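Student: Chains as they are written, first to last, in this note's numbering: chain A, 1 to 409; chain B, 410 to 818; chain C, 819 to 997; chain D, 998 to 1176.
Do not take every clue at face value.
[Claimed, not checked] In silico SDA-like links for lysine to any residue, alpha-carbon gap of 25 Å or less: (1) B/K752 <-> B/R718; (2) B/K752 <-> C/R840; (3) A/K134 <-> B/G671; (4) B/K574 <-> A/G262; (5) A/K343 <-> D/R1006; (6) A/K10 <-> B/E473; (7) A/K10 <-> B/D450; (8) A/K134 <-> B/P521; (9) C/K954 <-> C/Q983.
The hints are simulated quantities; they were obtained by calculation from the structure and are not laboratory data.
Keep in mind the model is a prediction, meaning the values are calculated, not measured.
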Amino acid sequence: MALDVELVKKDFAILDQLVHGHRIVYLDSASSSQKPAAVLDAMQHLYETTYANVHRGVYAIAEESTRLYEEARTKVAAFLGAASTREVIFTKNVTEAINLVAYTWGRTNLGPGDAVLLTEMEHHANLVPWLQLKAERGIELRYLGVDGEGQLILDDLEQLVDGVKLVGLTLVSNVLGTLNPVAEVARVAHAAGALVLVDGAQYTPHFTTRVAELGCDFYGFTAHKMLGPTGIGCLWARESLLEEMPIFLGGGEMIRDVRLDGFTANELPWKFEAGTPPIAEAVGLGAAVDYLLAIGMADVRAHEIELTRYALESLHERHGDDIRIFGPSDPEKRGGVLSFAYKDIHPHDISQVLDEVGVCVRAGHHCAKPLMRRLGVGATARASFYLYNDEADVDALSSALTSADRLFS
Amino acid sequence: MALDVELVKKDFAILDQLVHGHRIVYLDSASSSQKPAAVLDAMQHLYETTYANVHRGVYAIAEESTRLYEEARTKVAAFLGAASTREVIFTKNVTEAINLVAYTWGRTNLGPGDAVLLTEMEHHANLVPWLQLKAERGIELRYLGVDGEGQLILDDLEQLVDGVKLVGLTLVSNVLGTLNPVAEVARVAHAAGALVLVDGAQYTPHFTTRVAELGCDFYGFTAHKMLGPTGIGCLWARESLLEEMPIFLGGGEMIRDVRLDGFTANELPWKFEAGTPPIAEAVGLGAAVDYLLAIGMADVRAHEIELTRYALESLHERHGDDIRIFGPSDPEKRGGVLSFAYKDIHPHDISQVLDEVGVCVRAGHHCAKPLMRRLGVGATARASFYLYNDEADVDALSSALTSADRLFS
Amino acid sequence: MPGLEDLYREIILDHYRNPRNRGELPTPPAVRVEGFNPLCGDEIVVFLDVADDRVQDLRIGGQGCSISQSSASMMSAAVKGKTVAEARATIRAFKSLMSIHEQRLDGADDDGGASGGASGAGGGGGGPAVPEAAVKLGDLEALQGVVRFPVRIKCATLSWNTLAQGLDEAQEASATSPS
Amino acid sequence: MPGLEDLYREIILDHYRNPRNRGELPTPPAVRVEGFNPLCGDEIVVFLDVADDRVQDLRIGGQGCSISQSSASMMSAAVKGKTVAEARATIRAFKSLMSIHEQRLDGADDDGGASGGASGAGGGGGGPAVPEAAVKLGDLEALQGVVRFPVRIKCATLSWNTLAQGLDEAQEASATSPS
Ligand SMILES: Cc1ncc(COP(=O)(O)O)c(C=O)c1O
Ligand SMILES: Cc1ncc(COP(=O)(O)O)c(C=O)c1O
Ligand code: FES
Ligand code: FES
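The task is simple: from the sequences and hints, build the whole structure.
Tutor: What follows is the structure in structure tokens.
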């Protein structure tokens, strides 16, 4: 059953407004998605009926607040196909999730000369934490390259992975849209004795996530890109790994006992959740999971493929060689993230001109500067789709590009 | 002008409900406060009209979202009396704020044998990060003791501070309510060459905060205790200190440039804000600041003193020696946090019985286990007040204690 | 207080007011095990004297709420004199009364809900297993009402998790020392 | 596109389509300074030949949007041949056109809004200070419309911050080397 975009749109109040007198056409979900009423209502309802701090209260609203917070964890665990809720750590965003791994597992296991294999298409979130370790302790960083179609070059994978302790890669590139063969990389990595960390920020919003099938050891995603609120992300990892890892942030919730001369850590998953957690945000994320599951991830993905195909075809048809769309040409092999160059107009100028007719696209390096250098551009304009976008949105983008052309040529 | 509690209550939908058939009496604001409609509306309004990721978008709603996020920073900077918005770092809670200092300033400046002076009344958030450093690098921890009235023992301050690099202390104890003479401690600490970190979690919600007058170098607070949402806290520090400190979490936002072999950090305050920040939460916090300022912090504090005085008097009057209230007896010298022991009934049983008549108090160690040991108790029951509480709430607590007595004796 | 009758049954209050088997045992031969409830900061201490695969004696120390104290008191009465296998079966039976079902075989329990409790569960060795259905809980059934108060389940199970750990330690000690 | 007329004035588009002073200068004697805009990833390179306290020549490299490119182009035309003090006054005047007012005396700028821009501002030494009111901005006034588009202010000021840094470096170099 196909997605009914008209019906979906009704859940997003923000999409029902005019920008500079034009219907808003939101094409920046890869940066952050909009939130349906169900998500906003769940948070509002919590705050208006049963909000209290979690985990320590005996009174009714505190018990209910705790129940809702932990229920969100259960929903997320199921959404990821995790073996247990102990494997699901709430963080503030996926950036913190990856840093958590770098600070705890990384600082325990990586010393001078140890190698980590990343890719040239990583988001800064999966580069900087490892660059910090390189600067601090002299670890070696290696990179899988990207070919002209925006695909990872895997020919020398076995060679590159040799002696590596961790392979870190994104499932879907936030610039190219490329869907990486993570399961294949994980097999080779594991055979070489490396662990695998997967950045699922652009994948979990659009696909059915099954961490076991992906064969990874660490997996992170962020709520605000999948209809959830800001302020919450998630780290999944195999329980045995999490057990071994030292703690990260210290404070309330994450301890079992504190004395003036020492402390003992709490059980999983709370061991890694210091301080008051993002309670309302977890409840909002749980509601986002429910919303996506009610629609069905298969339909979400099918809609993305369809719309991406339409966009690739219609943009090429109308703009010919004036537009250069980066990344794989087969919509099945990519997410709905379209970075493009249009004539030689600077992406920020494109975005500015598009905004004038209500079309919201992102312009810039998309927190992937090394990839920009690899592509030989300073920045790209990027349109990205989600379940509330339709062909009319693509058409609005296409027409607006023509206006930009008129202004700058 | 005194606070009109009846009017204030109207802003808090959650307080207008029954629990187990009784009017809810929320006396757990020290753990987390409730949120007024203005705060919830500000977040809802953002999500429904102009939500987008911040800092990189050229289109209208992204510009507005960025403006609102940075406006929240400006509000917080003014609320703290900060010299510049560069000094205001948004974190996920105050626990992260203190950990940020321990990970960056701490790991740069504290090595084996270096000493940090804390107090016996610290929350775990200001103990565990330093205990981690003790375990990791053998730093020495010293503690200011607590006397029978719940006051810091400052007689040996000069001696204890000698050779110390950092003094960390809470402004208001979340267990005893004690208002600590931070400015005095800071003077002695600075004279001895130590920096001063202040945990303002229980202070900023109730007092006018002026970081310069406090004379501290680092200051942290958390939004959810001051009418704001979960998922956001704040670190303030002197700009020159922040400039010197190495980065903490690595990822988007906090970098200026990233190459495959290194990176350069962004300017303040973004240098310390990795990944998508708590955008809606910042807007909510900004609205909480506005709400508090509209009422006036002087009135908020005056109301707290008044209610605390009434509670101390009326509870002692009705329950005599059956109740033992910890901390200073002078309401001017304390916050509205009343930890107590009642007969020999366990605090959890008290809280459970109180819940049955709608009275919400916290029972437990309040994330201050060392202080519990110092007080010679395993746990306390704790009632805490905010601007929506009144004398009727105190009376409800008082009567409920009598019922608990009947059940257990 | 009508809503609380389920929680604070008369028999529970009786064990709370008059706890059985409070005190200490000399170690060795007894083992001493502590259990923490990080939610509240309470600690239970179980002194356990196991010999010939039997709980010869046990004593309860530490502090906690009425639920944890009465549960510990009832537990002490229930397992004193029992074989280790019977004691383990009683632990399992009590946990299932608390709606806690062992999910895994590696000896860690999965209480769900908030954090806490000493680790180590009722699995493991110690003579032929006794089916939990065969266990009579008697007075302990009064604690069933706790299930309606999720936060308090940790209170009720605190001493039981500590006992389980004690049985493990006692058996390890007897396995390594000459007997 | 009516709403954009303020931003994309004809003169701006002209400098964008036909940038003045693009290229490089040999270093030394010129200094080469880079400015980043972390928001967008654009980089401006300024080659600056300062001798006898005067901007003898300058060239602009790097890439950026129409606003940054045209601003750099106009800047190059405006400061070429000027004394260092006049160039610094022009920087200050331009920044105040952009509604940026130096808040502090330590040489760091305070652009407000989002992050970015090379550091180093128009303060510092280099001959007698020229009051900014005395500076004629001419064509540069066309950039005033940028103020309505806060994110683009960084674009307009990028080359100016880079120039300021270049002036600092050129003066340091001449202070340390025999001249
Ligand atoms: C004094 C004090 N410090 C720190 C904290 C920790 O706050 P958060 O959990 O929001 O990080 C609290 C509240 O729990 C507190 O009362
Ligand atoms: C692939 C990828 N990884 C990581 C991130 C960082 O997400 P967040 O900013 O929520 O931590 C993003 C989004 O910006 C992303 O697209
Ligand atoms: S409250 Fe601590 S054991 Fe029950
Ligand atoms: S968008 Fe990069 S300088 Fe204007």
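Student: Are the hints correct? Go through all of them and say.
Tutor: Each hint, compared with the structure:
For the proposed pair B/K752 and B/R718, the alpha carbon gap of about 22 Å is at most 25 Å, so the pair holds. Simply put, B/K752 and C/R840 have alpha-carbon atoms about 21 Å apart, close enough for the 25 Å limit, and the pair holds. Proposed proximity of A/K134 and B/G671 is supported: the alpha carbons are some 8 Å apart, at most 25 Å. Annotation: proposed proximity of B/K574 to A/G262 holds, straight-line Cα distance about 20 Å (limit 25 Å).
Taking the CA atoms of A/K343 and D/R1006, the gap is near 21 Å; set against the 25 Å cutoff, the hint holds. Using a Cα cut-off of 25 Å, the hinted pair A/K10 and B/E473 holds, with the two alpha carbons roughly 23 Å apart. Restraint check: the Cα-Cα separation between A/K10 and B/D450 comes to about 20 Å, which is no more than 25 Å; the hinted pair holds. Only pairs whose Cα atoms come within 25 Å are accepted, and A/K134 paired with B/P521 is accepted, the gap being roughly 24 Å.
Our distance criterion of 25 Å between C-alpha atoms is met by C/K954 and C/Q983, whose separation comes to about 22 Å.
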